[in-house]
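S.K.: Sequence:
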Amino acid sequence: MLHFHNTDRPSSLYQHEGLTQYLNTAIAKPVMAEAAELTAMSPAQRADYDRQRIVYLSGGIVLKTHYLDEAKRLLAQAFAENIGRNSGHAGLVLSGASTLGKTTIAKALMKYVFNQYRRQFPDFHEHGRVPVVYVEVPAASTGKLLMKTFADFFGLHVKSGESMGSIRARIVDFVNAAGTQLIVVDELQNLAGRGTGNGESVDLLKNLHNDLAATFLYAGIDLTTGALLSGARGQQIASRFSILEMTPFSLSDAADRRSWRGLIPAFERELLLHEHETGTLAELSDYLFARTGGSIGSLGRLITGSAIEAITNPNLPERIDKALLDSRKLDHTAETAHARSQARQNSTTRRVA
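Letter by letter, the sequence shown follows residues 0 to 352 in numbering that gives the first Met the number 0.
Worth flagging that the hints you see were computed from the coordinates, not collected in a lab. Each hint should be verified, as a subset may be incorrect.
Unchecked claim - With a straight-line cut-off of 20 angstroms between C-alpha atoms, the simulated SDA-like cross-links for lysine to any residue are:
1) K321 / T277
2) K63 / K110
3) K28 / Y48
4) K28 / L211
5) K71 / K28
6) K147 / L211
7) K143 / V157
8) K143 / S165
9) K110 / N85
10) K147 / Q188
11) K205 / T141
12) K71 / R239
13) K143 / N206
14) K28 / L272
15) K205 / T246
16) K205 / R84
17) K143 / N209
18) K143 / I166
19) K71 / Y48
20) K321 / I263
21) K71 / M31
22) K71 / Y116
23) K321 / R260
24) K110 / E69
25) K158 / Q180
26) K28 / H15
27) K205 / D185
28) K205 / A77
29) K147 / N175
30) K63 / A253
31) K110 / Q76
32) K110 / F153
33) K147 / V171
34) K205 / F173
35) K63 / T246
36) K71 / S241
Predicted model, so just to flag it, every value in this text is computed and none were measured.
Make the full structure from the sequences, and use the hints.
M.R.: So, in structure tokens, the structure goes:
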């Protein structure tokens, strides 16, 4: 059994010390050992080598996709638009179904902004600066609960009975003093946009855009089809923010088909498996699409999960083949899409017969 160190677990995103540590840390890609080196390893050395590979597979792979490129472009555009503004700030919304990689892109953007800030101000932490903030909207959030989530991120104590206005004022003062550049608000679908509590939270966020010099990035499930961006309240956000609508890949679209087939070898180059033959997964690109419904998140879990099993299961060779992929169970959305694909294929086969 592999033993993992406490340092293997990434720092929490929900407090600024943990987020800063996470953004400061890159998971290095291990150097593949030669056959002679593997043979010479002691059991402890081999376990440590395998652990390094698994840590990288589970959290170190960030592939360049067209969505990531577009998100970077739109975020840079929002930063540029906000330079001279003291109200009506621009921002970016990442919207789409689950498993499409919205949070992954948000984390990549946080690292991008953080690294640029660190290069410009290498001693920022000595001056109490917090360049990036990350909060996740609680379910059925009220304005006060949302402000408490911000306070928790900064480690600010909220006194019993303290009003929402008081908490908000302290957050605004703290963020402005911290020189925050980017505020990521994830799981935004938890604000329904209507109703007393949720509507209050939408108004609160809208007002924060005016009070804070930071640029906001929102991420959530199917935001463009829900109530959040509709009506008078929603239009206040929709009219200021660029929206990047993320959808699954479609093999019927030529550009999507090229992108999908480009993703497979990109993943394959990261596998760190000693017996895997390059090109094996490229031959399974249509199968991989059927298994995942064109979701990059599901694709990543299928491939990296299979690679980790190939490393940890002593009864398996260190390679990925269709039999291993078939044995992996994915998220419900991907499994449902696969079942429908199989049903259509079986129906077509019966008609041809």
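S.K.: Against this structure, judge whether each hint is valid.
M.R.: Going down the list of hints, with the structure as the test:
1. In summary, the hint linking K321 to T277 is supported, as the alpha carbons are separated by about 14 angstroms, within the 20 angstroms threshold.
2. Pair hint K63 plus K110 holds up; C-alpha atoms about 14 angstroms apart against a cutoff of 20 angstroms.
3. The straight-line distance between the Cα atoms of K28 and Y48 is roughly 11 angstroms, inside the 20 angstroms bound, and the hint therefore holds.
4. For the suggested pair K28 and L211, the alpha carbons sit about 38 angstroms apart, so the restraint of at most 20 angstroms is broken.
5. For the hint pairing K71 with K28, the CA-to-CA distance comes to about 24 angstroms; that exceeds 20 angstroms, so the pair is violated.
6. Distance hint between K147 and L211 is fulfilled; the C-alpha atoms sit about 17 angstroms from each other, no more than 20 angstroms.
7. With a C-alpha separation of about 11 angstroms, the suggested pair K143 and V157 falls inside the 20 angstroms cut-off, and the hint holds.
8. Restraint check for K143 and S165: satisfied, since their Cα atoms lie roughly 10 angstroms apart, inside the 20 angstroms limit.
9. Between K110 and N85 the alpha-carbon distance is near 26 angstroms, which puts this suggested pair outside the 20 angstroms criterion.
10. Between the alpha carbons of K147 and Q188 the distance comes to roughly 18 angstroms, so the proposed pair stays at or under 20 angstroms and holds.
11. Proposed proximity of K205 and T141 is supported: the alpha carbons are some 14 angstroms apart, at most 20 angstroms.
12. Distance restraint check for K71 and R239: the Cα-Cα separation of roughly 17 angstroms lies within the 20 angstroms cut-off, and the hinted pair is therefore satisfied.
13. A C-alpha spacing of about 14 angstroms is found between K143 and N206, which places the hinted pair at or below 20 angstroms, so the restraint holds.
14. Distance hint between K28 and L272 is fulfilled; the C-alpha atoms sit about 13 angstroms from each other, no more than 20 angstroms.
15. Among the hinted pairs, K205 with T246 is inconsistent with the structure: their alpha-carbon atoms are about 26 angstroms apart, more than 20 angstroms.
16. About 15 angstroms separates the Cα atoms of K205 and R84, which keeps this hinted pair within 20 angstroms; it holds.
17. Among the hinted pairs, K143 with N209 is consistent with the structure: their alpha-carbon atoms are about 18 angstroms apart, no more than 20 angstroms.
18. A distance of roughly 8 angstroms separates the Cα atoms of K143 and I166; the hinted pair therefore holds under the 20 angstroms criterion.
19. Of the supplied pair hints, the one linking K71 and Y48 is violated, its CA atoms being roughly 34 angstroms apart against a limit of 20 angstroms.
20. Distance check on the hinted pair: K321 and I263 sit about 14 angstroms apart at the alpha-carbon level, within 20 angstroms; holds.
21. A C-alpha spacing of about 31 angstroms is found between K71 and M31, which places the hinted pair above 20 angstroms, so the restraint is violated.
22. Using a Cα cut-off of 20 angstroms, the hinted pair K71 and Y116 holds, with the two alpha carbons roughly 15 angstroms apart.
23. Only pairs whose Cα atoms come within 20 angstroms are accepted, and K321 paired with R260 is accepted, the gap being roughly 17 angstroms.
24. Between K110 and E69 the alpha-carbon distance is near 16 angstroms, which keeps this suggested pair within the 20 angstroms criterion.
25. Restraint check for K158 and Q180: the C-alpha separation of about 28 angstroms exceeds 20 angstroms, so the hint is violated.
26. At roughly 26 angstroms between alpha-carbon atoms, K28 and H15 are farther apart than 20 angstroms, so this suggested pair is violated.
27. Under the criterion of a C-alpha separation no larger than 20 angstroms, the hint pairing K205 with D185 is consistent with the structure, at around 15 angstroms.
28. Note on K205 and A77: the hinted pairing holds, with a Cα-Cα distance of about 16 angstroms set against a maximum of 20 angstroms.
29. The suggested pairing of K147 with N175 holds, with an alpha-carbon distance near 17 angstroms, which does not exceed 20 angstroms.
30. This hinted pair checks out: K63 and A253 have alpha carbons roughly 19 angstroms apart, not beyond 20 angstroms.
31. Straight-line distance between C-alpha atoms of K110 and Q76 comes to about 17 angstroms, which keeps the hinted pair within the 20 angstroms bound.
32. Of the pairs offered as hints, the one joining K110 and F153 holds, with about 19 angstroms between alpha carbons and a cut-off of 20 angstroms not exceeded.
33. For a cut-off of 20 angstroms, the pair hint linking K147 to V171 stands: about 13 angstroms separates their Cα positions.
34. Between K205 and F173, the direct Cα distance comes to roughly 18 angstroms. Compliance with the 20 angstroms bound is thereby established for this hinted pair.
35. At most 20 angstroms may separate the alpha-carbon atoms for a hinted pair to count; K63 and T246 meet this at roughly 16 angstroms.
36. Taking the CA atoms of K71 and S241, the gap is about 12 angstroms. The hint holds against a cut of 20 angstroms.
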